[in-house]
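There are 2 protein chains.
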Amino acid sequence: MNTETEEYFLNRHTVRTFTSEVPSKELIRSIVEAASHAPNTGNMQLYSVVETRSPEQRALLAPQHFNQPAAVNSPVLLTVCADVRRFERWCEVSRAEPAMRNPQMLLAAIIDAVAFTQQIVTIAELHGLGTCYLGTVTYNAPKIAEMLGLPAGTVPVCCLAVGYPSEPGVESERLPVEAILCEETYPERTDEEIRELYRAKDDYEPNRKFIEENGKETLAQVFTDVRYPRSNNEPFSKIFVDFLRAQGFEV
Amino acid sequence: MNTETEEYFLNRHTVRTFTSEVPSKELIRSIVEAASHAPNTGNMQLYSVVETRSPEQRALLAPQHFNQPAAVNSPVLLTVCADVRRFERWCEVSRAEPAMRNPQMLLAAIIDAVAFTQQIVTIAELHGLGTCYLGTVTYNAPKIAEMLGLPAGTVPVCCLAVGYPSEPGVESERLPVEAILCEETYPERTDEEIRELYRAKDDYEPNRKFIEENGKETLAQVFTDVRYPRSNNEPFSKIFVDFLRAQGFEV
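Going down the list, the protein sequences come from chains A and B. Following my numbering, the numbering of the first sequence begins with 1 at its first residue and continues without gaps. Following my numbering, the numbering of the second sequence begins with 1 at its first residue and continues without gaps.
Next comes chain A alone, as it looks inside the complex (with noise of 0.2 Å):
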C-alpha cells in the first residue's frame, strides 16, 4: 500500500457539506461496479442500491432524514437495501425454493448490504467524492421504502449522502485501539480502566463544548438524554421491526 492510501485510512472523515457539482451518473455507476466486488454471503449479492438524483425525489426523501443537513445538500442520495427478493426471483425462475425470510438471511443480507456500502464510501472517497452515511434510515425506513418502490423482501439498511465537499471537514476522534482490540478473550473491565479508556474522548475539547451546549454533565448524557434517548429508541425499535414483518420476514 503506498503511503497516500495509508494516510487516507487514517485520516479519513465524513463530510456533510457539498458543492453543487453533481457527481455524473457514470462515476456513480463505475464505483458501484467496483464496489460489487466487496466480499458477500455465498456469492448471493443480496443486496441493492437506489440512486436518488432527481428533485423531486431528493425533496421527498431529506424529510424521512429529519432535514439534516447532507440530506438536503448532497447532489446523490444512495439507498442500500438488504434484499433477498432479487434472488428469490431468480430462484422463481430456476424452479428452486428459497427459504430467505428468516433472520439468518435476514442478517447475512443486512452484512452483505453494509460491507457493499462501505466498500462504496472508500472507493467513493479515494476518488475525492464525500460521503455520508444517514442512520435515519433505519428510523424512517417504511416512508423511504414506499418512495423507492421497495417490494417485499428487501429493507433500506444504510443511506450515503455523495457529493464533493464543500470544505475540508472534521476528524473524529476515536477511541484508542486497546478499547476496540481484545487478546483471545472479551476483558472484564473495572470502572478506572473505563474511564482510562475514554478519557481523551471525555477530555477532547469539542466534546466539552458539546456537553455544555446541551447542559450535560457528561458526555455519555449527550448521548443518552439527547442523541439516542429512550424515548426515540423504542419507538422507532417498534416501528422498524413491524416494518420487517410487513416486508415478509418472519423475525
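For the record, the hints were derived by calculation from the structure and aren't laboratory data. It is possible that part of the hints are untrue.
Under 7 Å between C-beta atoms, here's a sample of chain B residues computed to sit facing chain A [unchecked claim]:
| hint | residue |
| --- | --- |
| 1 | THR122 |
| 2 | HIS127 |
| 3 | THR185 |
The following residues of chain A were derived to be distant from chain B, with all beta-carbon distances above 12 Å [said to hold, decoys possible]:
| hint | residue |
| --- | --- |
| 4 | VAL22 |
| 5 | SER166 |
| 6 | GLU205 |
| 7 | LYS209 |
| 8 | GLY248 |
Derived DEER-like restraints, expressed as beta-carbon distance ranges [as the list claims (entries may be wrong)]:
| hint | chain 1 | residue 1 | chain 2 | residue 2 | range |
| --- | --- | --- | --- | --- | --- |
| 9 | A | GLY128 | B | ARG227 | 31 to 41 Å |
| 10 | A | GLY42 | B | GLU212 | 11 to 21 Å |
| 11 | B | GLU196 | A | ILE211 | 25 to 35 Å |
| 12 | B | HIS13 | A | GLY128 | 21 to 31 Å |
| 13 | B | GLU146 | A | GLU212 | 37 to 47 Å |
| 14 | B | SER30 | A | GLU205 | 21 to 31 Å |
| 15 | B | ALA152 | A | GLU205 | 32 to 42 Å |
Glycine residues also receive a C-beta, built at the ideal position from the N, C-alpha and C atoms.
Position chain B relative to chain A; hints supplied.
Then chain B, alone, in the frame of chain A:
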C-alpha cells in the same frame, strides 16, 4: 486514486488458503487502528474485535466454523462483535442511563461492526494479506460467544480468517451492475429480465460444473437445496434469535 488501487477494487477476491507465515501482532494492531476510522453511528463505535492466535483457541473455534479450510488453516481469526456493552459501561461510570438493548441500537451496532470489518478487509488486502469472511459465525454464535467470553450486550457478527495467501486465489463472478443499481425506484422485473441479469452467472463454467457435481438442474437449486436450505436456515435462525435474547437484547 492511482491505477493500482483502482485495479485492486475490481480484482480483489477472497483467499481461503494461507502460508504458515503469521501476520505480526503489530501489523494486525495497525490495521485495526486504521479501520477504526471507518464511519460509525454517532461516533459511538459500537463494535469490538477479538483476535484469536493461540493454537488452543484456534483449535476450539475451527469446529464452530464447521472446520472449513479457511478457519482451520489461517494463522489469525478476527471475530468482530456488535458491542453495546463497552458503551454501557462508559455510561455506568458517567451517570448516564443508556437504552441500547433494542432493535434499532442492535442494528446500529451491527452496521458499525460490518463497516469496521470491511475496512479491515480492505486495509489488510492492500497490505498483501488475504482474508475470508466466515459466515458460520452467526450460525454458532452461542458457542463462539462462550469461547471468546463475550458478555451480554455483545454479538459476534463477522469473523475474518486472515493470513498470507499461499496461492493466487480465484475471482468470483459478479452480477452485472444493472442487477444491483436502481435509478430512482426499485424496478419490477419480468421473468425474462431476471433470466437476462443472471444469464452470465448461470452460464459461467465453474457454476455449470457446480450444478453437475451437486446433481441439480439449475444453479439456484444448488443454493436452495445444498448451500442454504430451509432445514439449516430456520433452525439456525431460532438459535440466533434465542442467543440475542440471552445476550440481553429485547428482540
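These are the hints, each one checked on the structure:
no.: 1; hint: THR122; in the structure: 6 Å, holds
no.: 2; hint: HIS127; in the structure: 6 Å, holds
no.: 3; hint: THR185; in the structure: 4 Å, holds
no.: 4; hint: VAL22; in the structure: 14 Å, holds
no.: 5; hint: SER166; in the structure: 19 Å, holds
no.: 6; hint: GLU205; in the structure: 15 Å, holds
no.: 7; hint: LYS209; in the structure: 15 Å, holds
no.: 8; hint: GLY248; in the structure: 14 Å, holds
no.: 9; hint: GLY128(A) - ARG227(B): 31 to 41 Å; in the structure: 40 Å, holds
no.: 10; hint: GLY42(A) - GLU212(B): 11 to 21 Å; in the structure: 18 Å, holds
no.: 11; hint: GLU196(B) - ILE211(A): 25 to 35 Å; in the structure: 57 Å, violated
no.: 12; hint: HIS13(B) - GLY128(A): 21 to 31 Å; in the structure: 26 Å, holds
no.: 13; hint: GLU146(B) - GLU212(A): 37 to 47 Å; in the structure: 44 Å, holds
no.: 14; hint: SER30(B) - GLU205(A): 21 to 31 Å; in the structure: 27 Å, holds
no.: 15; hint: ALA152(B) - GLU205(A): 32 to 42 Å; in the structure: 34 Å, holds
Hint check: a violation occurs at hint 11 only; the rest are consistent with the structure.
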